[in-house]
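Number of protein chains: 2
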Amino acid sequence: MPQDVSNLIERRRELLGPNLPTFYDEPVHLVKGEGVWLWDADGKKYLDCYNNVPHVGHCHPAVVEAIARQAATLNTHTRYLHETILEYVERLTGHFGEGLSTAIMTCTGSEANDIALRMAQAATGKIGIIATDNTYHGNTWLVSQLTMGREPIGGRADFVRFVPAPDSYRPLGGESGQAFADAFTARVEQAIAELEEAGHGVACFILCPYFANEGFPDLPAGFLDKAVKAIRAAGGIVIADEVQPGFGRTGTHMWGHEKIGVEPEIVTTGKPMANGHPVGCVVSSPEILSAFHTATGYFNTFGGNPVSCAAAVATLNVLETENLMANAEDAGNYARGRMAALAQRYEAIGDIRGSGLFFGAELVKNRATKEPYAELAEKVSNAMRQEGVLLNRASIHNNTLKVRPPMPFGRAEADFLVDTLDSVLGKLTG
Amino acid sequence: MPQDVSNLIERRRELLGPNLPTFYDEPVHLVKGEGVWLWDADGKKYLDCYNNVPHVGHCHPAVVEAIARQAATLNTHTRYLHETILEYVERLTGHFGEGLSTAIMTCTGSEANDIALRMAQAATGKIGIIATDNTYHGNTWLVSQLTMGREPIGGRADFVRFVPAPDSYRPLGGESGQAFADAFTARVEQAIAELEEAGHGVACFILCPYFANEGFPDLPAGFLDKAVKAIRAAGGIVIADEVQPGFGRTGTHMWGHEKIGVEPEIVTTGKPMANGHPVGCVVSSPEILSAFHTATGYFNTFGGNPVSCAAAVATLNVLETENLMANAEDAGNYARGRMAALAQRYEAIGDIRGSGLFFGAELVKNRATKEPYAELAEKVSNAMRQEGVLLNRASIHNNTLKVRPPMPFGRAEADFLVDTLDSVLGKLTG
Numbered sequence: 020m021p022q023d024v025s026n027l028i029e030r031r032r033e034l035l036g037p038n039l040p041t042f043y044d045e046p047v048h049l050v051k052g053e054g055v056w057l058w059d060a061d062g063k064k065y066l067d068c069y070n071n072v073p074h075v076g077h078c079h080p081a082v083v084e085a086i087a088r089q090a091a092t093l094n095t096h097t098r099y100l101h102e103t104i105l106e107y108v109e110r111l112t113g114h115f116g117e118g119l120s121t122a123i124m125t126c127t128g129s130e131a132n133d134i135a136l137r138m139a140q141a142a143t144g145k146i147g148i149i150a151t152d153n154t155y156h157g158n159t160w161l162v163s164q165l166t167m168g169r170e171p172i173g174g175r176a177d178f179v180r181f182v183p184a185p186d187s188y189r190p191l192g193g194e195s196g197q198a199f200a201d202a203f204t205a206r207v208e209q210a211i212a213e214l215e216e217a218g219h220g221v222a223c224f225i226l227c228p229y230f231a232n233e234g235f236p237d238l239p240a241g242f243l244d245k246a247v248k249a250i251r252a253a254g255g256i257v258i259a260d261e262v263q264p265g266f267g268r269t270g271t272h273m274w275g276h277e278k279i280g281v282e283p284e285i286v287t288t289g290k291p292m293a294n295g296h297p298v299g300c301v302v303s304s305p306e307i308l309s310a311f312h313t314a315t316g317y318f319n320t321f322g323g324n325p326v327s328c329a330a331a332v333a334t335l336n337v338l339e340t341e342n343l344m345a346n347a348e349d350a351g352n353y354a355r356g357r358m359a360a361l362a363q364r365y366e367a368i369g370d371i372r373g374s375g376l377f378f379g380a381e382l383v384k385n386r387a388t389k390e391p392y393a394e395l396a397e398k399v400s401n402a403m404r405q406e407g408v409l410l411n412r413a414s415i416h417n418n419t420l421k422v423r424p425p426m427p428f429g430r431a432e433a434d435f436l437v438d439t440l441d442s443v444l445g446k447l448t449g
Numbered sequence: 020m021p022q023d024v025s026n027l028i029e030r031r032r033e034l035l036g037p038n039l040p041t042f043y044d045e046p047v048h049l050v051k052g053e054g055v056w057l058w059d060a061d062g063k064k065y066l067d068c069y070n071n072v073p074h075v076g077h078c079h080p081a082v083v084e085a086i087a088r089q090a091a092t093l094n095t096h097t098r099y100l101h102e103t104i105l106e107y108v109e110r111l112t113g114h115f116g117e118g119l120s121t122a123i124m125t126c127t128g129s130e131a132n133d134i135a136l137r138m139a140q141a142a143t144g145k146i147g148i149i150a151t152d153n154t155y156h157g158n159t160w161l162v163s164q165l166t167m168g169r170e171p172i173g174g175r176a177d178f179v180r181f182v183p184a185p186d187s188y189r190p191l192g193g194e195s196g197q198a199f200a201d202a203f204t205a206r207v208e209q210a211i212a213e214l215e216e217a218g219h220g221v222a223c224f225i226l227c228p229y230f231a232n233e234g235f236p237d238l239p240a241g242f243l244d245k246a247v248k249a250i251r252a253a254g255g256i257v258i259a260d261e262v263q264p265g266f267g268r269t270g271t272h273m274w275g276h277e278k279i280g281v282e283p284e285i286v287t288t289g290k291p292m293a294n295g296h297p298v299g300c301v302v303s304s305p306e307i308l309s310a311f312h313t314a315t316g317y318f319n320t321f322g323g324n325p326v327s328c329a330a331a332v333a334t335l336n337v338l339e340t341e342n343l344m345a346n347a348e349d350a351g352n353y354a355r356g357r358m359a360a361l362a363q364r365y366e367a368i369g370d371i372r373g374s375g376l377f378f379g380a381e382l383v384k385n386r387a388t389k390e391p392y393a394e395l396a397e398k399v400s401n402a403m404r405q406e407g408v409l410l411n412r413a414s415i416h417n418n419t420l421k422v423r424p425p426m427p428f429g430r431a432e433a434d435f436l437v438d439t440l441d442s443v444l445g446k447l448t449g
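Protein chains in written order, with the numbering used here: chain A, 20 to 449; chain B, 20 to 449.
Since the hints were made in silico from the structure, they are not lab data.
Each residue gets a CB set at the ideal place from its N, CA and C atoms; glycine is no exception.
One or more hints might be untrue.
[To be verified] If you anchor each label on the Cβ, the simulated ranges turn out as follows: (1) Arg32(A) with Ala212(B): 38 to 44 Å; (2) Asp441(B) with Gly174(A): 41 to 47 Å; (3) Glu341(B) with Asn26(A): 29 to 35 Å; (4) Gly62(A) with Asn336(B): 25 to 31 Å.
[What the hints assert, rightly or not] Some chain A residues flagged as far from chain B (calculated, every beta-carbon gap over 12 Å): (5) Glu29; (6) Tyr99; (7) Gly196; (8) Pro239; (9) Asn294; (10) Gln363; (11) Phe435.
For reference, chain A alone in the conformation it holds in the complex:
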């Protein structure tokens, strides 16, 4: 490990605490970014196949210029009037269906989800929350209640119930198609019954409509229809956490919930929306939003400040003018096609899934048993980093290579990714 990296790790331990993880066995010391590329302190260049935050590309000049210009002009808060927050919310809600016409701007997706959950509670008069069991929606006290794998500090709130995250490679009940959807619906109905019996009722079902951290399963059309109907029959509403699939990442739709055909009452966004500037958002109807405002008097000092809104407007501009959603569809299809060819040569590739620029390969020890091969996914991820390609792993069994690059990622970059993966898999499994 280079001396400067060892020194940084040591200072990091002292200043940020002894147990703050980095990516990779040999952490990367980044100093520069441009488009889909990153450079480390030694001048080594990396293809960024992982970071969704710099949505329209690292350091996109249009976003940088908007931030610099507004930061030099005015930065205040929403207790004064300002045009840009109105312009942004008007533009943003124009991308949603009827009813999703008002918004609260925040600084992070966690803040957005913390609001959305309470908004659902305020609007329904119930407090029960249903989430999937391998998800991650954020890091506040309330939102971290939805991270099942880790007991929250102070204990798990009684008003949360988990349902199994859909896994298309290993479907609940063993069968795919409608049987899988019915098995899932049955678990949602069970969670509803439990919450009602406990006296909490059902405020909401919160989901990432792409089940991104859970392995982005390929779900049959209408998979969630019956489950959503059951939630609504119980008086609850649906929250779509679009932090990962939103803003065109899946190539086919602006939002993950459009892709799966669900119409949520509340949508939250975060990471990609201002290309790295700290911005999140909650979108809902005037009725639901104002029920929350009335109950809380919510105010976020930094949320919706002019600089954050300028960054968000510029990001949306670039997304539209550079046709990045169409690019995501094209580059994603191309990359998955090439990965499918790799799968014919490497037994370890058990399943290739995804849409647009959010895809990956599930690694298994044996295709018949589908036994997850998490150790290999970790080795591949580290070896790719050494070869100049940054990706990582995710999913229920932590055995799925996750590719989620900035949206300007094109066919040439897909070739570099797949060729490098070919070489790495050859060395590790050949």
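Following the hints, put chain B in place on chain A, whose structure we already have.
Using the frame of chain A, we list chain B on its own:
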């Protein structure tokens, strides 16, 4: 009201919800800021006597340049190595006493307090929280539990107890000095006993060490000593929320807790630390911080990103090189001196309090009875806005004019503030 303001208010209702308040009867439509000055869309100039977020002055060129430069170079997250977060945390913790040597960077003060409370719970193994009864620490589910005046959505957590915010103008028990401190301590001891009886134990006492929202009382030296001793005897720790008094605002000390002589185990900061860029922070010992990391695996995507850290470093640089803490002491003393002279002419000024550039005047209907005059405070605030001076009101009875300007506010600005206040009070009470 000008047409453009009416239009903005109408669009705001539609896009941000029907019940989102603005400051003042006639909201201000700001378009430009520089130093301690703001301009509205009609070119009218305002002296900013209220905003603490642009700590070193609106749009300070050194901070703008740092943001623009880093945004054009690289913006990632803390799973990679980066120098600037280490540089910042090293500089920041250098301003604290021994033990407060590690930090978690967040995007808002609310996020910082949400962490700090759980950090105290993780470190002590207890969950009870004691707060003062007229405070505001932020807007997440957990932190909004500390806002006593408003029932949280879903109900008040059983592990929170409130103690009366110290009010030096109307001291608890009716006597000032040690009797007041003893009365306060007795209430803290009662809260401790209640939390222990309920089985929660005491994790922490969280306080703004300047009691900023509660009217910034003038407290006798050692006021909190016995209360803090009782908290520690019960196994709890102290969290100082430095979002308002921190970074030299009080003129005499870098931190509010130094001013009142309390050594907290955890400190949180927010608003002023990056001059408006969304940055917050939790500072603690390696032991306490790592207890939290171990329990939660906390990661904040935007927290501690290179651009946020560059903004925070630049803000700290300006604070130091422009000697703004010394300026705060000088300008604050001067302004309070002039306000004391006003108090000889206006019966409505019941008490003048504060330190450095955080001060105000409590307005009363009658100096003998000290009956709060909130309506006058509201009228003065609106009239000052019309005269080109932005301030607001706060405190337990909402009757205290609150002056908390950007730190480059000097004697000339203090003259403009006091002269305008003289004229406004003359019209409203003369």
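Hints, one by one, checked against the model:
A hinted range of 38 to 44 Å for the beta carbons of Arg32(A) and Ala212(B) is consistent with their spacing of about 40 Å. The given range of 41 to 47 Å is broken by Asp441(B) and Gly174(A), whose C-beta atoms sit roughly 57 Å from each other. Between Glu341(B) and Asn26(A) the beta carbon distance is about 32 Å. The supplied range of 29 to 35 Å therefore holds. For the hinted restraint 25 to 31 Å between Gly62(A) and Asn336(B), the CB-CB distance of approximately 28 Å keeps it satisfied.
Consistency note on Glu29(A): stated as away from chain B, yet its beta-carbon is not over 12 Å from all of that chain's, at 10 Å minimum. With 12 Å as the threshold on Cβ separation, the claim that Tyr99(A) sits away from chain B is violated: the shortest Cβ distance comes to roughly 5 Å. Here Gly196(A) stays apart from chain B, with its beta-carbon at least about 36 Å from theirs, past the 12 Å limit. For Pro239(A), the non-interface assignment is confirmed: its Cβ lies about 32 Å from the closest Cβ of chain B, beyond the 12 Å cut-off.
Once the 12 Å rule is applied to beta carbons, Asn294(A) is inconsistent with being away from chain B; the minimum gap is 8 Å. Non-interface call for Gln363(A) relative to chain B: holds, since the shortest CB-CB distance, roughly 33 Å, exceeds 12 Å. Distance to chain B confirms Phe435(A) as a non-interface residue, since its nearest Cβ pair spans about 20 Å, more than 12 Å.
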